[in-house]
Amino acid sequence: MDELIKYAPDLGLGFLENVKLSVVAAVASLILGTILVAMRVSPTPVLRAAGTFYVNVVRNTPLTLVLAFSALGLSDQLGLVFSETPLTNSFWVVAMGLSAYTAAFVCEALRAGVNTVPMGQAEAARAIGLTFTQSLTMIILPQAFRAVIAPLGSVMIAMIKNTTVATAGGFLADAAAVMKITFDTTGASIPIFLGVVVAFMVLTMPVGFFAGWLQRRLAVAR
Amino acid sequence: MTENGDAPPLVQLENVNKHFGALHVLKNINLTVSRGEVLVVIGPSGGGKSTLCRTINRLETINEGKIIFDGQVLPEEGKALARLRSEVGMVFQSFNLFAHKTIRENVTLGPMKVRGVPRAQADKRAMELLERVGIAAQANKYPAQLSGGQQQRVAIARALAMDPKLILFDEPTSALDPEMVQEVLDVMIGLARDGMTMVVVTHEMGFARRAANRVVFMADGQIVEENTPDEFFTNAQTDRARDFLSKILTH
Chain A
1 MDELIKYAPD LGLGFLENVK LSVVAAVASL ILGTILVAMR VSPTPVLRAA
51 GTFYVNVVRN TPLTLVLAFS ALGLSDQLGL VFSETPLTNS FWVVAMGLSA
101 YTAAFVCEAL RAGVNTVPMG QAEAARAIGL TFTQSLTMII LPQAFRAVIA
151 PLGSVMIAMI KNTTVATAGG FLADAAAVMK ITFDTTGASI PIFLGVVVAF
201 MVLTMPVGFF AGWLQRRLAV AR
Chain B
1001 MTENGDAPPL VQLENVNKHF GALHVLKNIN LTVSRGEVLV VIGPSGGGKS
1051 TLCRTINRLE TINEGKIIFD GQVLPEEGKA LARLRSEVGM VFQSFNLFAH
1101 KTIRENVTLG PMKVRGVPRA QADKRAMELL ERVGIAAQAN KYPAQLSGGQ
1151 QQRVAIARAL AMDPKLILFD EPTSALDPEM VQEVLDVMIG LARDGMTMVV
1201 VTHEMGFARR AANRVVFMAD GQIVEENTPD EFFTNAQTDR ARDFLSKILT
1251 H
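The listed protein sequences correspond, in order, to chains A and B.
Mapping of the first sequence onto our numbering: position 213 corresponds to residue 213, and the numbering continues sequentially without gaps.
Mapping of the second sequence onto our numbering: position 226 corresponds to residue 1226, and the numbering continues sequentially without gaps.
Just so you know, the hints here were simulated from the structure itself, not pulled from any lab data.
Here a beta-carbon is modelled for each residue, glycine too, at the ideal position from N, C-alpha and C.
Treat each hint with caution, since some may be false.
Unchecked claim - Within a straight-line C-alpha distance of at most 20 Å, the following computed EDC-like cross-link-like pairs (lysine to aspartate or glutamate) qualify: (1) B:1079 - A:184; (2) B:1141 - B:1163; (3) B:1101 - B:1060; (4) A:6 - A:123; (5) B:1165 - A:10; (6) B:1141 - B:1128; (7) B:1079 - B:1163; (8) A:180 - A:76; (9) B:1101 - B:1128; (10) B:1101 - A:123; (11) B:1113 - B:1123; (12) B:1113 - A:84.
Unchecked claim - Beyond 10 Å from chain A on every Cβ pair, some chain B residues (computed): (13) 1059; (14) 1084; (15) 1087; (16) 1092; (17) 1094; (18) 1096; (19) 1123; (20) 1134; (21) 1145; (22) 1159; (23) 1230; (24) 1231.
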């Protein structure tokens, strides 16, 4: 227990990085995932193919490899630099990789939601003269979102936990990295281990409850 | 009240053919709809009535032939097609009200987003139309809170809000409980009296007799007979039509 109290400030700072990564990746992956699903249901074959290709490649690649590719491939080899400060740079590299990875899952959850919206809704939208983009953004996606809030919550929970592999993208300041560094000096400590687990549960469980509550509250009656 | 013989027809179908795979659902359809005319399309299920109705605003594409609306060949896609659709109202069998929007929003969405009408003006017009179809008191409810008959009347108000030149009715009463059919038909008869051009696919023979200017009988993807309602119901010219009428009118 002493180790946990002693290292709590360091672990806390590390955990704060997980929270920051989570917030950035949540926003970015929801936006990118929505764009991807728009591509996948669009009438343009090229866009559909591109969306499908992206989802299948990214979803089936291990996250550690996506992050390693972001760091080594995009950042080191191709010179994509977000900041001169190495730690800040690696934060954004990891945030980008995690967002790109999570977006594929957001896209698929949303696509399941699109399939719950009856065909007649799109036909009625087209019949009053809405364009494809208008009927997608005003009629189809709002109903699709509401149908899959709970599954999207699960995607977000997985994403929050995935912030612990940020090390793979060279970001060595998150709670998991701090925990490992701590273990290297003190030896493995069950209290520290449990402390980090509890911290994550405090973050993820409300996400799950909130998503479930929101899903019920916003459910579209048919 | 309807036959202005010299004016070009509002809708003109020329040699229209459509296939669903091996199935030939529309066979060489030639049909015109004049301005102000109420055209009722009847016939057995699977005869191509709904498909015909849906080709007129291109919810169904056609394989051959030509459809002209208001002097223009139907655009294939994009903005031009959206503009055409905004001038052709459509009322569906299953209502298809936007489930996540209130009754009022269902009616104002088209005018605001397609025509750019300011909200206040769209709201005012929506309430007038909802008043006209007798649903004004429900304006802030959601579609699922209304009965089928009420939903269908809202769907008619939604179509009217675009000030369409034509309204297509695709079996508007087929999904309704029997006691709700009349309230929808009453609204439709009112529209017909006001001179709205209507194409109505229906099994409601009473409506056809009371409101139609012309009846088109379709079977097996073809227009088998075209006549005035009186002539058609009392003195059908083809065996196919007589056979159909004997089946539905004896019950």
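Evaluation of the provided hints:
1. About 64 Å separates the Cα atoms of residue 1079 (chain B) and residue 184 (chain A), which puts this hinted pair outside 20 Å; it is violated.
2. For the hint linking residue 1141 (chain B) to residue 1163 (chain B), the alpha-carbon distance of about 24 Å lies beyond 20 Å, and the restraint is violated.
3. With a C-alpha separation of about 26 Å, the suggested pairing of residue 1101 (chain B) with residue 1060 (chain B) is violated against the 20 Å cut-off.
4. In summary, the hint linking residue 6 (chain A) to residue 123 (chain A) is not supported, as the alpha carbons are separated by about 63 Å, beyond the 20 Å threshold.
5. Taking the CA atoms of residue 1165 (chain B) and residue 10 (chain A), the gap is about 71 Å. The hint is violated against a cut of 20 Å.
6. Using a Cα cut-off of 20 Å, the hinted pair residue 1141 (chain B) and residue 1128 (chain B) holds, with the two alpha carbons roughly 17 Å apart.
7. At most 20 Å may separate the alpha-carbon atoms for a hinted pair to count; residue 1079 (chain B) and residue 1163 (chain B) meet this at roughly 18 Å.
8. The hinted pair formed by residue 180 (chain A) and residue 76 (chain A) fails the criterion: a straight-line CA distance of about 25 Å is larger than 20 Å.
9. Restraint check: the Cα-Cα separation between residue 1101 (chain B) and residue 1128 (chain B) comes to about 19 Å, which is no more than 20 Å; the hinted pair holds.
10. As the CA atoms of residue 1101 (chain B) and residue 123 (chain A) are separated by approximately 16 Å, the hinted pair is consistent with the 20 Å bound.
11. Taken as a hint, the residue 1113 (chain B) and residue 1123 (chain B) pair is honoured in the structure, with Cα atoms around 13 Å apart against an allowance of 20 Å.
12. Between the alpha carbons of residue 1113 (chain B) and residue 84 (chain A) the distance comes to roughly 46 Å, so the proposed pair goes past 20 Å and is violated.
13. Interface exclusion of residue 1059 (chain B) from chain A breaks down, the closest Cβ pair being 6 Å apart, not more than 10 Å.
14. With a least CB separation of 8 Å from chain A, residue 1084 (chain B) falls inside the 10 Å interface cut-off, contrary to its annotation.
15. At the 10 Å boundary, the C-beta of residue 1087 (chain B) falls inside the reach of chain A, the nearest C-beta of that chain being 8 Å off.
16. For residue 1092 (chain B), the non-interface assignment is contradicted: its Cβ lies about 6 Å from the closest Cβ of chain A, within the 10 Å cut-off.
17. With 10 Å as the threshold on Cβ separation, the claim that residue 1094 (chain B) sits away from chain A is violated: the shortest Cβ distance comes to roughly 5 Å.
18. Not every Cβ of chain A is farther than 10 Å from the Cβ of residue 1096 (chain B); the closest lies at roughly 4 Å, contradicting the non-interface assignment.
19. Annotated as non-interface, residue 1123 (chain B) keeps its C-beta farther than 10 Å from every C-beta of chain A; the closest such distance is 17 Å.
20. The beta carbon of residue 1134 (chain B) sits about 21 Å from the closest Cβ of chain A, which is more than 10 Å, so the claim that it is off the interface holds.
21. A Cβ of chain A approaches the Cβ of residue 1145 (chain B) within 10 Å, the least distance being about 7 Å, so the stated non-interface status is violated.
22. At roughly 8 Å from the closest C-beta of chain A, the C-beta of residue 1159 (chain B) falls inside 10 Å, breaking its exclusion from the interface.
23. Its beta-carbon lying about 32 Å from the closest one in chain A, residue 1230 (chain B) satisfies the requirement of being farther than 10 Å from that chain.
24. Against chain A, the non-interface label of residue 1231 (chain B) holds: every CB pair exceeds 10 Å, the least being about 33 Å.
Hint compliance for this structure: hints 1, 2, 3, 4, 5, 8, 12, 13, 14, 15, 16, 17, 18, 21, 22 are not met, and every other hint is.
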